[in-house]
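Engineer: So the protein lines, in turn, are chains A and B.
Using the numbering used here, the letters of the first sequence map in sequence onto residues 11 to 415.
Using the numbering used here, the letters of the second sequence map in sequence onto residues 1039 to 1351.
Keep in mind the hints are simulated off the structure, nothing from the lab.
Check each hint, because a few of them may be wrong.
As the list claims (entries may be wrong) - Per the computed footprint, the stretches of chain A lying under chain B, defined by three or more beta-carbons under 8 Å from a beta-carbon of chain B, are:
| # | region |
| --- | --- |
| 1 | 82-88 |
| 2 | 204-215 |
| 3 | 249-255 |
| 4 | 390-400 |
Note that CB positions come from ideal geometry on N, CA and C, so glycine has one too.
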Amino acid sequence: MKRRDMLTGATAAIATAPLARPYAQKGVTIRWWYHLDDPKATPNEFIAAFEKENPGIHIEAENIPWGGGGDYDNRLYTSIIAGNGPDTSMVKFNNLARLLEMEALSPLDKWIDAWPGKSDITADLWRLHTAPDGKRYYMPLQYVVLYLYVRLDLLAKHNLTPPTTFDEFLTCAKALTGGEQWGFGMRGGSGGHDSWMPFAFGTGARPVKGGFVSPAALAQNRYFIDLMRTHKVCPPSAPTDGFLQIVNNMKAGRTAMAVHHISTANDMANTFGDAITAVVVPRGPDRSGFATFGDGANAVYAASKNQEAAWRWISWLSTGPNNVLYNKAAGQMTVTTSGAANWTLHPKRFVDATVNSLPIAGVLPNLPQTADFTRVVWPQNTQKALLGEITPDAMMQIFEKLFFS
Amino acid sequence: MNVSTAQQRRVPSQAWGTKGGGRRSSILRPGATPWLMLAPALAAAAILVLLPVLDTLWMSFHDVILYRPRSRPFAGLANYAWALTDPVFWESLRHSLVWIVCAVSLQFALGFAAALLLNRSFAWRGIARALIVVPWALPSVIIGLIWTWMLDFNLGVLNEIGVRLGLLSASIPWLAQPSTAMAGVLLAIVWQGFPFFAVTLLAGLQAIPGELYEAASIDGAGPFGKFRHITLPGLAGVMATALLLRMIWVANSLDLILVMTNGGPGTATQTLPLHAFLTAWSGGNYGHGAALSVLLTLLLLGVVVAYVWRNRA
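Work out the full structure: start from the sequences and follow the hints.
Structural biologist: Structure, rendered in structure tokens:
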């Protein structure tokens, strides 16, 4: 019997286990807050599947506006403070520190350790989902790792191959810049920190205390800023370009390379066919590197009166075939090994680039300042550096001060 | 006091105390009736306006961090000291002044011109009067998105037209460079807000008696003379009220900037309300955000007092 089949069987076994029986006798409603990037996607299909397998547990799903993350987070915090929070919700690493400070989360370790699906999630993912205090509050649900989109047809005209180092990246970007085309679609606007981190921490520096102002990070940040200021391989609109701009510029043929993740893979493949691929972001000379991990998890709240039923729901979502079903709606990667083995939702080359990036995947520090960093401090100061209003080194000193002063 | 006024003032007491009802009228004095009538509205205003204002004031003197709900120590004037010593505050204040002066004056000029035009007779005037309200009726977020894409460097229609007509030698990243970003956002708010002036001033124009213009013509007044001596004085009251109201609204508005630039590039378009919003909403620091809001209110108080005084006058 294959491992996947075993896990599928385990899922069915869990569904009929005694744990489910109390709910069958006395029904409970679990309030689950979620956000799916695609506004047309709904959770109805997988909720119906869960409720069929778990009679007695009703899932009341509430779609919470994202608003760049700020709307979602603030609604979550205020609902918890008001005593009207959900039983469980989708969460991001960005808000882990704040939720911990609020003592809002329930640790999941005892359930995770007894959960049959635990081994179907890689050690890399469990490592990334472990809080600074060593406990696990977040249940992996979906993920992306940022990689580099490359137009192979444009590179071929210059007899170049996809870059693997920062020197090669600059060579490619320069070669692909000319006229109304730019080598690199830099994202200096909202959410751009995700595509900046592989550059800043690509040669060994890490986003830890002292890391932002380490010689390696400072040098790499100068390299990043110089892509626009000195080498001019990015569109002049780069300081404020956000997600839609970098994706649309790439699709319009205005840029030849961009950092993003698998959620746009189908769109890119539909536009360019085999002329586009994705590779792991450039790495330093010692093969160090940093691929930003884009997380999506579920958490159970300490105030919930139905924590066990809530756990049952979120563990069901993270189990092999259920997680694949969920990610059909979410458009991201399954967190399960069994699900990834037969993944058909995205072309294989993009899945490979994602999976191959996992060993160097990293995240920002889990601190209460992180959310403010991503939404305000990073874009404001990076834009100032890109426009020459402050130096790249001053930009990094501001970041270090925000996190660790 | 004339007789009719005196009678009117007696009416409320008569309503409460009729024949043999003197006991009730002695409990509820005539002067109390207006307050009784106003009580529901005052209660609603107290709950919906006064309480939040007092709460903001309270927060501005405390260290209120959203994700630390159990700890809200008294901070005295620390939040105000932080705000006033932060260079971003002064930069945001400067941007706010540019934002208010440019947005209101341009909206007024365009709205006044549109009102004068719409006050004349021409074919399809009814349709023109209806269409001019469209920008005012659209949600700010939609307007922000429309203008963001129209001004886009790579795919924007304005750059495309400008380059094709030879007005621009190359596309301009309007919203990505500090020298043009504020102008880009101002363009959007002027387009959104000028219909308010157009409609308000048009109503004012229509209230000016036509006989005044006829008499002026007989006296030999030219178009400029009529405009100066009849139109402008006739509209003065409406103009003042509309300008004061719009100044307050524009000073407080942040939605267009939030959608189009989020205050960027850097802090080139960050105004005071946006600074307060980002501090509270994104940073979670409601103490700082409240202090910034109170300072903004104090700065606007002059305009508010002028508006209230004008209405009373």
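Engineer: Against this structure, judge whether each hint is valid.
Structural biologist: Hints versus structure:
1. 82-88: Our answer is that it holds, as 3 residues pass the Cβ test (under 8 Å) against chain B, meeting three.
2. 204-215: This one is violated; 0 residues, fewer than the three required, reach chain B with a Cβ under 8 Å.
3. 249-255: Since 4 is at least three, the answer is holds.
4. 390-400: With 7 residues closer than 8 Å to chain B, the region 390-400 of chain A meets the three-residue bar; holds.
Violated hints amount to a single one, hint 2; each of the other numbered hints is respected by the structure.
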